[in-house]
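Those protein sequences? They're chains A and B, same order as listed.
Numbering-wise, the first sequence is residues 45 to 853 according to this note's numbering.
Numbering-wise, the second sequence is residues 13 to 264 according to this note's numbering.
Just so you know, these hints were derived from the structure itself, not from any lab.
Since this is a predicted model, take the numbers as computed values, not measurements.
Careful, some of the hints might be misleading.
[What the hints assert, rightly or not] What the simulated footprint calls covered on chain B by chain A, stretch by stretch (three residues with Cβ under 8 Å from a Cβ of chain A suffice, anywhere in the stretch; the number is not a length):
| id | segment |
| --- | --- |
| 1 | 71-79 |
| 2 | 114-122 |
| 3 | 139-148 |
| 4 | 166-175 |
| 5 | 182-191 |
| 6 | 223-229 |
Ideal Cβ positions, reconstructed from N, Cα and C, are used throughout, including at glycine.
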Amino acid sequence: MAGPPPRFIFAATLLVSLAAIGYEILLMRLLSIVQWHHFAYMIISLALLGYGSSGTLIAIGQRWLEHRFEIMFSISALCFSVAMVGCFVISQRLPFNALEVIWNPRQLVYLSAVYLVFFVPFLFAATCVGLALTCLKQHISRVYFFDMFGAGIGALATIAALFLFSPQNVLRLLALLALVASALVALSARSFNRKPLLWLQSFCFVLLLFGLPHNLLEFRVSPFKGLSQALEVVDTKVLSQYSNPLGLVTVVESPTIPFRDAPGLSLNTQHEIPEQLAVFTDSDGMSVITRYDGNLEALAFSQDMTTALPYYLLDAPKVLILGAGGGADVLSALYHGGREIHAVELNPLMIELVRDDYAEYAGRLYDDARVKVHLGEARGYVAKQTNRYDLIQVALLDSFSASGSGVQTLNESYLYTIEAFQEYLRHLAPGGILSITRWLRLPPRDSLKLFATASEALIRSGLGTPENKLAMIRSWNTSTLLVKTEAFTESEIDSIREFSRVRSFDTVYYPAMPAGEANQSNILPQPYLYNGTQALLSDRAEDFISRYKFDIRPASDDRPYFFHFFKWGSLAEMLSLRKQGGAGMIEWAYLILVATLIQAVAAGTALILMPLLLVKRNWPSQTGRRMGAYFFVLGIAFMFVEMAFIQKLILFLSHPLYSVAVVLCGFLVFAGLGSRASKSLAVKLNQRGIPEVALIVIIIVVTALVYLMLLPELFSHLAGLSDPIKIFLSLLVIAPLAFFMGMPFPIGLARLAAEAGDFIPWAWGLNGFASVVSASLATLLAIEFGFSAVLLIALGLYLLAAVLVSKRI
Amino acid sequence: MCDFKLKQLYLQLSGLWLLTMALCFPISSIADESLYTNQRAELIAEVEQYARFIDEDTVDSFDPEVLSSMANVKRHEFVPDDEKPFAYENRPLPIGHGQTISQPYIVALMTELIQPDKEDVVLEVGTGSGYQAAVLARLVKHVYTIEIVEPLVRQVDTRFRRLGYENITTRLGDGYYGWEEHAPFDSIIVTAAASHVPPPLVKQLRPGGRMIIPVGGRFMTQHLLLIEKTEEGEIKSRQILAVRFVPLTGER
Numbered sequence: 045m046a047g048p049p050p051r052f053i054f055a056a057t058l059l060v061s062l063a064a065i066g067y068e069i070l071l072m073r074l075l076s077i078v079q080w081h082h083f084a085y086m087i088i089s090l091a092l093l094g095y096g097s098s099g100t101l102i103a104i105g106q107r108w109l110e111h112r113f114e115i116m117f118s119i120s121a122l123c124f125s126v127a128m129v130g131c132f133v134i135s136q137r138l139p140f141n142a143l144e145v146i147w148n149p150r151q152l153v154y155l156s157a158v159y160l161v162f163f164v165p166f167l168f169a170a171t172c173v174g175l176a177l178t179c180l181k182q183h184i185s186r187v188y189f190f191d192m193f194g195a196g197i198g199a200l201a202t203i204a205a206l207f208l209f210s211p212q213n214v215l216r217l218l219a220l221l222a223l224v225a226s227a228l229v230a231l232s233a234r235s236f237n238r239k240p241l242l243w244l245q246s247f248c249f250v251l252l253l254f255g256l257p258h259n260l261l262e263f264r265v266s267p268f269k270g271l272s273q274a275l276e277v278v279d280t281k282v283l284s285q286y287s288n289p290l291g292l293v294t295v296v297e298s299p300t301i302p303f304r305d306a307p308g309l310s311l312n313t314q315h316e317i318p319e320q321l322a323v324f325t326d327s328d329g330m331s332v333i334t335r336y337d338g339n340l341e342a343l344a345f346s347q348d349m350t351t352a353l354p355y356y357l358l359d360a361p362k363v364l365i366l367g368a369g370g371g372a373d374v375l376s377a378l379y380h381g382g383r384e385i386h387a388v389e390l391n392p393l394m395i396e397l398v399r400d401d402y403a404e405y406a407g408r409l410y411d412d413a414r415v416k417v418h419l420g421e422a423r424g425y426v427a428k429q430t431n432r433y434d435l436i437q438v439a440l441l442d443s444f445s446a447s448g449s450g451v452q453t454l455n456e457s458y459l460y461t462i463e464a465f466q467e468y469l470r471h472l473a474p475g476g477i478l479s480i481t482r483w484l485r486l487p488p489r490d491s492l493k494l495f496a497t498a499s500e501a502l503i504r505s506g507l508g509t510p511e512n513k514l515a516m517i518r519s520w521n522t523s524t525l526l527v528k529t530e531a532f533t534e535s536e537i538d539s540i541r542e543f544s545r546v547r548s549f550d551t552v553y554y555p556a557m558p559a560g561e562a563n564q565s566n567i568l569p570q571p572y573l574y575n576g577t578q579a580l581l582s583d584r585a586e587d588f589i590s591r592y593k594f595d596i597r598p599a600s601d602d603r604p605y606f607f608h609f610f611k612w613g614s615l616a617e618m619l620s621l622r623k624q625g626g627a628g629m630i631e632w633a634y635l636i637l638v639a640t641l642i643q644a645v646a647a648g649t650a651l652i653l654m655p656l657l658l659v660k661r662n663w664p665s666q667t668g669r670r671m672g673a674y675f676f677v678l679g680i681a682f683m684f685v686e687m688a689f690i691q692k693l694i695l696f697l698s699h700p701l702y703s704v705a706v707v708l709c710g711f712l713v714f715a716g717l718g719s720r721a722s723k724s725l726a727v728k729l730n731q732r733g734i735p736e737v738a739l740i741v742i743i744i745v746v747t748a749l750v751y752l753m754l755l756p757e758l759f760s761h762l763a764g765l766s767d768p769i770k771i772f773l774s775l776l777v778i779a780p781l782a783f784f785m786g787m788p789f790p791i792g793l794a795r796l797a798a799e800a801g802d803f804i805p806w807a808w809g810l811n812g813f814a815s816v817v818s819a820s821l822a823t824l825l826a827i828e829f830g831f832s833a834v835l836l837i838a839l840g841l842y843l844l845a846a847v848l849v850s851k852r853i
Numbered sequence: 013m014c015d016f017k018l019k020q021l022y023l024q025l026s027g028l029w030l031l032t033m034a035l036c037f038p039i040s041s042i043a044d045e046s047l048y049t050n051q052r053a054e055l056i057a058e059v060e061q062y063a064r065f066i067d068e069d070t071v072d073s074f075d076p077e078v079l080s081s082m083a084n085v086k087r088h089e090f091v092p093d094d095e096k097p098f099a100y101e102n103r104p105l106p107i108g109h110g111q112t113i114s115q116p117y118i119v120a121l122m123t124e125l126i127q128p129d130k131e132d133v134v135l136e137v138g139t140g141s142g143y144q145a146a147v148l149a150r151l152v153k154h155v156y157t158i159e160i161v162e163p164l165v166r167q168v169d170t171r172f173r174r175l176g177y178e179n180i181t182t183r184l185g186d187g188y189y190g191w192e193e194h195a196p197f198d199s200i201i202v203t204a205a206a207s208h209v210p211p212p213l214v215k216q217l218r219p220g221g222r223m224i225i226p227v228g229g230r231f232m233t234q235h236l237l238l239i240e241k242t243e244e245g246e247i248k249s250r251q252i253l254a255v256r257f258v259p260l261t262g263e264r
């Protein structure tokens, strides 16, 4: 397009990019509420698919589109706006049920439908940006800058908006921004009859602000999540609901059929459970606020749970509770005579509920002189403490149904890694106890992995043999593990046995436990846990772990998938047993991730590569093929680095969503700047005869390797800083790496333009295809090999790219 | 020749017409019933052979009475219309309200494990679709069943009346305290998810009685918890895997 660019085109590009990234982040939030967290990877891949596919479409219709740039931009932005709302509404009405995947092949069809529905808005957004990049060639660097800048702010602004508004209103806001972008271009356009378009825009504007039916955007939460189930019960009602980027928090009252949450309560208990309110986070993960009037006797039931065990070995302990939730563990600590009780909670909404909104109900629990509540991420909080504690407790932070149905498989958790346990052990006072309670699943998974993790942490901490520093008991559905830095004493062991005997719990392990004492009260088909714990402490531990049909290798900060128990080797057997009652053994969330990867390959092929193949049949020369490989490799490498950083920053920034936002923002903005700088840098380097890509790749590799070695250490030192400072520091760390990572792509494009111009659409297409596939692929690899491995693979690919591009024709 | 072609065309057209008719008219319910009966027989055969795969100590074959009761309960009457085509697949199905109808094999196993007797009075907590109660109704004297989701109770009431189940009594309400007026029970089935076993229910179990609780998510039963009260009133519990599975490779 010759002449000056349309007046508001840069502002419009910025708005569209902002809304697109905002929508990406918002969707992760929305899908966590109505479905489960593991859709995050799918959404990243979807957004990229939109960009890849629009690149192909534009390449094909370039001539036609160039003459209709403004109207097509305006229409695309309008469609984007409508699709943002529309596709969310449609997706909510698709009958996809993730839990039924192993039973019903139709569910895979619905999953694909969800995927395709959410592809639409991203396609339109990407078309706007792609059009601007293609049609405003003289201003390409400005377009690029506004695109990247918009996306960068979009990521952080959406997080901020989620603190202020409900997810639905953030959705409206983003749709409004896209609509404004569309209107700006239409208003300033000269080249077409804009009246019908303006009418349409006004109509959408009014509809969006005033006309949407009230219940259209209401969450249709999966009926199998805890909140939906609770609300089906007679007389239950929602008392209040709050939202922030960390979660949607819903308080539910059930006057007729009390919640009576007391996991693993002994069958022998004589005590009633007081009235409770349930608090659901993202419609699941129930936590309770127990009615408390200062009368400790009403809490007597808490002594009949496995979580009470450590209190019988300690006298008036100083307690640290990680994951305060609704305060159940704090109450238990009070009941058992805790001298000083510190409770850490990640979500401020949760603290406010107990401290303010339901303060009277909770008996002003957090005003008690012995109780101190701290807002923060558990790992970060522990790391910065100089205090030591007599008891550090990590109790059940998730619901049994979530644990039992395998939905967490893909959830990273930095609470249950070897490094986490080492951190906890460092903060134990002499004689102190680390106590961790998990749901007991059969055949055993969590409990054995926990035991292996603790054993490994003790060894790595240089505390000598683990055999005499571990103890574990179980009820029919919970297991509690105790870890000490020194040996359990005889009298402590007696207390453990007595505690278990009275409550009909089973001892699983304590130093020198006789085999005959195992599996007595709640009888398993085999003494699985006794045998397992014995094997894990013996010299055949490695063999046991590798022969076990579930993955019980301890999780680490590099491979933070405690909840991942899936082993490919067992899949065939489990699938064949599914109809014979073996369904509960299949970790289906992992299979969904695999399905997502297959879907990404199929969709990428169908929507990016096939159209190119149909239109651009002249599959190019050897140069083209080599360059094709170059762009493909770059696509994977870039995404792998990005995905690895998202993970590496989760621990530091304390929440996956923060990490996604910061990493997207950082990589977009700085890679954008890098790509702008690449042209002049390449020219300068070329003048001196230096191979520019090789040099850039070396810088990338060296920087990334330095980060790989230094960042964990650095981050653990800085864990105590406030969130805004941490975000700033993260961006600072990302900046140099992303800056250089932004360069190989445009340099390659420039070279193609000179050597094989016809091949440019293929370069975009292959690059886009590679990134679409990488989002799920990176996660799959990380679950097996860890994120360092993913990062190293990426660096290897960068080196390969340098080799590919080093040869001239 | 021409005549022959016409005849062929006529035949083809009438075939097409028949096909269209067949597609337009709902398949008659009689045909439906016989189809369901066949499917049900196949399902029961499948369930029966799976019994071999359970731990020998627990169950090595299903009682013919249990299987015959299951063969008599029309599972398709217990699922929503859109799930009817799958009613005789050996898998759990969604029945609305976030509930599922259990996998037939698990129902057979639970029924087997409580060792039903003609004179037994059974309590069920968590009626759901009513399928489990219906299977039990043919094996015991009376089934009392409690459900906490109101629409389900209404649905099940009508269903039982329509199908003529007279020895099942349903109630909307809290199952935690059991059903005092009818206690003690010879066996109790708790299908409602709970964080713990309600101690009052254990009290309402007759000495020698058995309580069974499926443990796991809505679509996947992990294992079954069996609680036995001995004649002396002692409580014993066992966790039973529904399937023979050795968690270590290379061991049998």
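Inset, instruction - Hints the structure violates: just list their numbers, smallest first. - result: Of the numbered hints given earlier, those the structure breaks are 1, 3, 4, listed in rising order.
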